[in-house]
Every structure is written in C-alpha cells, then in structure tokens.
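Counting in this note's numbering, the sequence shown runs from -2 upward without gaps.
Fair warning: there could be bad hints in the mix.
Simulated crosslink set (PhoX-like; lysine-lysine; CA at most 25 Å straight-line) [unchecked claim]:
1. K213 / K239
2. K277 / K318
3. K213 / K241
Okay, the calculated beta carbon distance ranges per label pair [claimed, not checked]:
4. S188 / S361: 37 to 47 Å
5. K312 / M234: 22 to 32 Å
6. E328 / G78: 50 to 60 Å
Bear in mind the hints are in silico, worked out from the structure with no lab data behind them. Ideal Cβ positions, reconstructed from N, Cα and C, are used throughout, including at glycine.
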Amino acid sequence: MQKKSNKIILTGGGTGGHIYPGLAVAQALQKIDPDLKIIFVGADRPLDKTILLKIGYPFYLLPIGPLNVNSTLKKIITLLGIPWAFLKAYFLLLRLRPSIVMGFGGYASFPSLVAARLLGIPFAVWEANAHPGLVTRTIGKRANLIFLNFSDKDELFAIKKVYKYGTPTRFKPVKVEKSNSFRVLVFGGSSGARAINEIVYAFLAKVNAGEQGYEKYAAIEFVHQIGSTDYEKFKKMYKDFKIKLDVREFIHNMPEELAKADFLICRAGASTVAEIALSKKAGLLVPLPWAADNHQVLNAKRLSDVGAALLVEQKDFNPQKLGEILQQVTENPNLISNIEEKVSAFANQDSAEKIAKKLLDYISYKSLL
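With these hints in hand, go ahead and build the complete structure from the sequences.
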C-alpha cells in the first residue's frame, strides 16, 4: 500500500487561461478536503508571478517561456532554458512527492508533467480548446486522467481515462436589473484586445460624428473594456464622445456586467467561451488569429457552427461589418434568443467540482494498491 500524500501540484501558465481554471479546481479540492496542500507551478514570467501572488497558494516558478515567438534570439534563450526547467521540476517533485500532478496547459506545465512521468507520480491534464495543444498531444496522451472541455476530441486518447467536464471556472452567473437601452459589452481580457479596440473605436467615432448610415446606432449603450495596455490612449481618444459609452480599464465584476449586457464582442479563449455559455449570452466572437494551433478560431467555430455565437475572423472585422451585425441583432430579437438558447448547451457550472472529485477518487484508489 502506498503512503498517501496530502499534496497536489497544479501546473500551467503563460496566460491567465492556464492558471485561473487551476484556481477553480484548487478551491473545489479544498472544499472537499480542507487538509489538502495545493501547490502551483508556473512559468517565471511577470504575468504568472502577478496572478500567483494574488491567489494565495504556495507556488514555484520554472525558467521556461513560449517557443511561438518571432524573435530568433528569444527562441534560442527559451530552448537553452528548457533543460534547467526540467531539472528544477524533477527535483521539486522528488522533494514534494505529491499524490498527483495536474496540468492546465501551456508551456509552463510541460516540465512538471514530464517529471511526474519519470518519477512514477500519477498525473492528469485538462485540455481547454477544440484543438488539443502541444502538451496534451504529447505527454498528455500518457496521463492517468484526461479532462476535456469539448466533447468530440476523445478519439485522440484512451477513452477509458477521458472525462468531458468542460471548463473549470469560479464564474457564477447573477441576475440584475437591466437597462432599457440595448447594451453591448466589449472586452478582451486584462491586457485587452488591441485589434478589437481599434475597430470598435473607429465604429463609435462614426456613430459619435453622426456619419450617414451610422447615426442609427446612437441609441445603443456601449461598455468598452480596453485593458491595461492601451487604456490611457483610448481614454483620451474617447474623451469628448457624447454617445452612450462607458470606457473602462478593467471589469472587476464580470458576472454582473455580462448579466447587464444584451450582446457581447470578445475573443474566443476557452475561459471566455465558458463564461458566455454560463451567462447564456449572445455574442460576436473575434478570435485571436495567432493563438497557438489556431485554437481560438476553432473554439469559435464550435459555437458558430451550431448557431451558438456569431463569428467574424479578425481579418474581416471592420466598422462596416460591425454595423451590419449590430443592425442584424437589434432588429431581430429572435436571433438573440436563439443564440442564447444554443450557447447555454455549452455551460458546465460544476466542472471544477467534478474534476476535483475525480482527482480525489483516483488518489484514494491508488493509495489502496
């Protein structure tokens, strides 16, 4: 019989989408077993460090970065750092001896998952996207447990260890009193989405100026979350606008803002898609075109193919196209309600709890062997 450890390592990073789902699972785990010790392992990068400092769990950072960068020098530096990241992960796991290691995707999870495999420590992976990422397609195939967001990718793995539980999230939908105006929420994450920001600004500038064909959109109320990168620039550009417009750097209460909105304009990351589904909101998805493995486009197509969202690729997104879509949804309430009904089929409110329970069940089973 194996000695049972009370430690679980959750690993992932590079973006918030590879860390926040881990936080949702961590909280679900400790709700079931408050004595568990949860440890995060991420990448030694500013974003990971900032998020991990805020969430309050012990964490370790590995010297690893992305390979999908344009700079040859950065690629070389990343490649040279990989062996050290593996060694650091190996000796960390050797010292901590967790019951299980769970990866939430991104390059930051790879060293710890490989180290777990070499040390004979059980490991699990969660795959966020419609097209499994490199980590899931390689070391993930050897995982003891595989959790999928989208339900049609189990052919890549041994079916007996695949669980289709959706995206773990702390997001809880709320009910609010809505405005009489048609309300559009534009958002792109904490850093923002520059291309979306620029097109939305160009569109609203035409509305504000009363240009022919655009004056009809003045009745729409817009909430535009810019993000930290370009907030000051756009704040100045919007300064003298007279239309119904609320410009923000961050949205601190996303469930409330989603509840107030009639229509969304956003990217198509897995966490965003999960929040849209849980909120049962109609939206226009403008996927990030250079996301790894084109996963945002594929995520968006999963929804748009069944009428659960509208999709415009970034290369086709412009003020005229935005106007056409807004005219379409404001003049056709049935379109909004049909999208809302279909997107709700993608909602998984208890995903984090299901994953946490399955992890603990597996640990208990292994401890009896």
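Okay, the hints, checked on the actual structure:
1. K213 / K239: 14 Å, holds
2. K277 / K318: With a Cα-Cα distance of about 24 Å, the restraint between K277 and K318 holds, given a limit of 25 Å.
3. K213 / K241: OK: K213 and K241 at ~13 Å, within 25 Å.
4. S188 / S361: 37 to 47 Å: Check passed, 40 Å falls within 37 to 47 Å.
5. K312 / M234: 22 to 32 Å: Because 23 Å falls inside the window, the suggested range holds.
6. E328 / G78: 50 to 60 Å: Since E328 and G78 have Cβ atoms about 54 Å apart, the given range 50 to 60 Å holds.
In summary, this structure violates none of the numbered hints.
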